[in-house]
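As given, the protein sequences belong to chains W and V, one line each in that order. Read in order, the letters of the first sequence correspond to residues 1 to 630 in this note's numbering. Read in order, the letters of the second sequence correspond to residues 1 to 322 in this note's numbering.
Simulated from the structure, these hints should not be mistaken for laboratory data. The C-beta atom is built at its ideal place from N, Cα and C for all residues, glycine as well. Don't take each hint at face value.
Said to hold, decoys possible - Non-contacting residues of chain W with respect to chain V, defined by C-beta distances greater than 10 Å in every case (computed): (1) Gly131; (2) Pro442; (3) Ile476.
As the list claims (entries may be wrong) - Footprint (simulated), chain W over chain V, 3 or more residues, beta carbon under 8 Å: (4) 47-61; (5) 133-147; (6) 257-269.
As the list claims (entries may be wrong) - Keeping only pairs whose Cα atoms sit at most 27 Å apart, straight-line, the calculated DSS-like set for lysine-lysine is: (7) W:Lys246 to V:Lys95; (8) V:Lys95 to W:Lys243; (9) V:Lys95 to W:Lys235; (10) W:Lys255 to V:Lys95.
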Amino acid sequence: MQRKRWVVGLAVVASFAVLATACSSGSSTGGGGATGSPTPGGTYRTATQTLSNTSNFDPTGEYYGYAWAIFQNLLIRGLYNNNHVPGDEGNTPQPDLVTDSKISSDGLTYEFTIRDDVTWGPPLDRTLTAGDVEYAFERINDSALAAYYGNYYCGVIKGMTCSETSIHPVSGIDVPDDTHITFHLESPTGDFLYRLAMPATYPQPKEVAGCFESAGGYGSNLVSSGAYMYFGSDKLDISGGCKSLKPVAGMNPDKGMTIVRNPNFDPATEDPAMYSNYLDGLQIEINSNVDDIFQKIQAGELDGSFADTPPPTVEQEYATNPDLQQFIHSDPGDRTWYITMNLLAPPFDDPAVRKAVQFVVDKAALVKGYGGSLHADIATTVDPPSVLPATADYNPYPSEGGAGDVNAAMDQMKQSKYDTNADGQCDAPECTFLLLSSNTTPWTNMNPILVQDLAKIGLKAQLSEVKPDVVNAQAITVKKLVPMTFGQGWAKDFGSPYGFDFFVFNGTTISCTGSYDEGLLGMTEEQAKECDVLDEYNAAIQNYPDHKLPSIDDKMAQCVALAGEEQQTCYAEMNKVNMEEGMTWVPWAWGKNLVITSPTVTQYVYDQNAGDPAWAHIAVNNGLAPENVA
Amino acid sequence: MIRYIIRRVLWAILVLLIVVFLTYMIFFLLPSGDPAVRLAGKNQTPQLLAQIRQQFGLDHPWYVQYFLFLRHAFFGDQYGWPGLGLSFTLKIPLKGIIFSRVAVTAQLALGAAIVWLVSGISIGILAALRPHTFADRTAMGLAILAISMPVFFLGPLALYIFWFKLHWLPGTGYYPLARYGLGPWFSHWILPWCVLAVLYAAFYARLTRSNLMETMNEDYIRTARAKGLPEKRVVLKHGLRAGLTPIVTVFGLDLAALLGGAIITESIFNLPGIGQLTVQAVGGQDLNTIAVITLVAAVFVVVANLVVDILYAVLDPRVRYD
């Protein structure tokens with residue numbers, strides 16, 4: 001009882017903090033877009049071109065950011081969540097179901113006490129238990145359910161391999177009773193709480209989730225543990241066990257999604273810093289016409305955009321009209337746009353060439369071509385500042401206004417074996433190479449800029465413009481050895497550098513058919529052999545004194561075991577090695593999330609962790625009751 | 001005639017098999033690579049890839065996948081009959097999606113067809129009966145203008161004027177009759193029907209005019225007039241029957257093609273029909289959805305072709321097949 005009073009007191013203070021944060025830093029334009037005081041009620045109506053997904057909104061396998069935003073803000077809750085606010089605070093996990101925690105001094109055991117007063121939404125209507133939390137991990141461990149980010153738990157929690165063929169208890173998780181759960185880890189993992197804030201770990205009820213033995217099935221029958229639920233969840237028929245289950249009315253990824261309040265959620269017992277819950281509902285409709293979506297926002301038929309970029313004319317109107325500026329919201333998306341260079345593909349097998357490219361790229365021009373400051377800021381390193389604040393001011397390749405430093409680039413090029421006369425111009429036959437980029441806007445406008453930049457140091461890029469998914473497919477296939485790609489972006493999985501860097505820079509992730517470590521940083525001889533690029537590997541390692549490709553794997557393993565400030569410092573060091581020795585990326589922009597709202601939105605807050613609107617804190621004054629659009 | 005129909009049905013089935021076969025071939029020859037790799041996201045572990053391949057039946061060679069697709073389509077799958085499998089991008093059974101979307105596309109196509117038949121044929125008849133007059137020249141001039149205006153131009157323009165500026169008509173979206181009633185349903189269809197029908201109406205007006213003018217110069221029309229038949233009867237009974245026969249052929253194929261999805265109209269007016277699904281499926285390289293849409297569209301075209309051929313024989317006594 002005493003704890004709750006303390007929590008409520010803290011909650012009041014925190015809720016003011018949320019509002020203050022929302023109005024001060026929620027939007028880089030428009031000061032939060034508030035047009036009045038936030039009051040409960042109304043329905044946020046939005047539309048998007050597609051609700052494509054990775055696992056039909058089944059939390060175990062769902063990977064898209066906007067789905068996570070809906071899960072974490074509205075539908076389900078976990079041991080940890082976040083406060084759905086912008087900036088560093090938004091990326092920091094906060095206890096949600098957890099009331100008490102104990103971490104062993106060796107960092108190998110995490111004990112949690114969870115609340116005993118949280119009830120599953122209808123039709124389940126029973127108390128949420130620690131067993132439900134464990135069941136979520138059992139599902140992650142079952143390969144049939146295709147947990148898209150199971151790597152953050154498998155090999156980390158004892159007994160988890162992500163390769164079970166059915167649901168089994170996990171040996172590294174103890175559940176002594178309904179309110180206690182203990183995790184035993186294989187090795188210290190300093191960002192484990194971040195991983196516990198990801199939706200796949202959120203409790204799931206065996207009675208319903210257990211009915212689905214393959215990926216995606218549970219998504220259409222999701223039972224709510226959060227403040228909201230799918231429209232029609234209360235009609236979910238569980239009387240006949242699995243046989244009577246039918247998809248809920250409010251969720252159809254082909255048509256849309258309608259979310260309404262969960263009657264079993266008691267706001268009086270909750271922390272408003274995490275859950276303001278002004279909205280009565282959220283409607284997301286599929287609309288194939290982007291122009292139409294934004295016209296409907298202007299006409300007041302929708303309350304805001306969702307996942308689509310506004311047409312340039314609309315964006316310009318909102319950006320330049322003083323009356324409309326408060327309705328455009330541009331927030332850091334924790335996403336980096338980058339150029340890749342392949343360590344095995346000449347001329348980028350030579351570190352001097354990679355360094356020269358880092359200097360020569362006119363990032364300011366690329367950002368301008370990408371849409372300007374509403375869409376992105378110039379990137380100086382791989383990790384966005386909100387993911388790794390310790391490197392916010394780190395810029396190993398400085399230039400005036402980010403426009404590139406040709407002289408510095410030429411100085412680097414002179415040290416390359418591909419500059420045979422040391423005049424700062426790449427002149428060997430290898431200096432002509434394939435540059436793979438997208439054939440869609442804005443890339444087609446930006447490709448010539450990059451080609452011209454590279455030409456300043458003698459690099460002759462043979463530009464090939466193809467569909468974005470073809471760029472991706474070619475780039476992640478190791479055997480293709482694509483020398484350079486452009487037009488790719490990467491976003492964090494969680495707000496600690498491991499959640500950003502692991503897939504793209506850790507050599508252990510290299511898979512011959514799908515390596516997101518496209519530059520092949522940290523590739524080993526065994527991997528090269530397996531992927532049939534051993535000759536190229538053997539040639540490339542001659543460029544390094546230790547006859548090994550650059551790698552940050554060991555440093556990453558060292559950093560992930562640490563916690564707090566110590567971990568930040570370690571990651572900052574790792575980032576330095578990556579930027580100055582690895583150099584498989586030229587990070588040129590940190591992307592932003594752009595949303596346009598209508599005047600009906602009285603409070604707009606950005607959820608840094610999800611990179612989407614913070615549905616838990618947004619308020620509208622349209623007075624509408626939710627209507628099923630699915 | 002029966003033998004002719006049986007022969008045509010068998011040919012139609014063969015055409016459908018070939019169409020789907022080519023769809024599979026093209027998809028697998030595309031440079032985008034393994035669909036499982038695209039679906040696996042960042043965590044490309046061998047286990048995850050194997051699981052995805054198994055879930056979507058991608059663990060078989062492409063020709064086995066093709067035969068499995070056909071077997072499921074004809075005999076059903078775990079989601080019922082016809083077995084259309086799962087959408088790769090939405091991860092839900094396609095059967096419900098296709099049925100609901102065909103219903104929307106059918107409403108669009110049939111409504112537009114009524115508009116263009118009524119307006120196009122009427123204008124064509126009037127122009128044919130008063131050739132080289134001001135009315136004829138105006139009608140044909142407008143027809144040329146209408147043919148020159150593609151739906152991707154006319155659609156947004158109509159929306160901008162009639163919805164966004166004048167507020168005479170509602171905006172985009174599909175408002176089912178059963179849920180919203182006649183008024184909202186009809187008002188939301190007016191613009192899509194008219195915009196889609198404009199091009200066809202203009203084309204049908206020109207076709208009707210030229211066919212009817214040609215027919216009206218035939219000897220048997222002169223004979224009918226010489227016999228003293230009233231002009232109305234000459235036109236309606238003798239002129240139109242022969243003059244409109246080619247229209248039937250064209251109409252059948254046009255309608256069938258539209259039932260396979262009016263991609264641009266559905267996209268502009270946000271109508272959840274087959275055309276909109278096509279755009280999404282191609283964008284997401286959703287092989288199964290593309291194959292199913294191809295099959296559905298091909299069924300419409302093949303069946304329409306068959307019906308038209310039979311109707312043609314009924315309408316024109318000179319045409320006989322056995």
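Cross-check of the supplied hints:
no.: 1; hint: Gly131; in the structure: holds, 25 Å
no.: 2; hint: Pro442; in the structure: holds, 18 Å
no.: 3; hint: Ile476; in the structure: violated, 7 Å
no.: 4; hint: 47-61; in the structure: holds (count 7)
no.: 5; hint: 133-147; in the structure: violated (count 0)
no.: 6; hint: 257-269; in the structure: holds (count 4)
no.: 7; hint: W:Lys246 to V:Lys95; in the structure: holds, 15 Å
no.: 8; hint: V:Lys95 to W:Lys243; in the structure: holds, 19 Å
no.: 9; hint: V:Lys95 to W:Lys235; in the structure: holds, 23 Å
no.: 10; hint: W:Lys255 to V:Lys95; in the structure: holds, 14 Å
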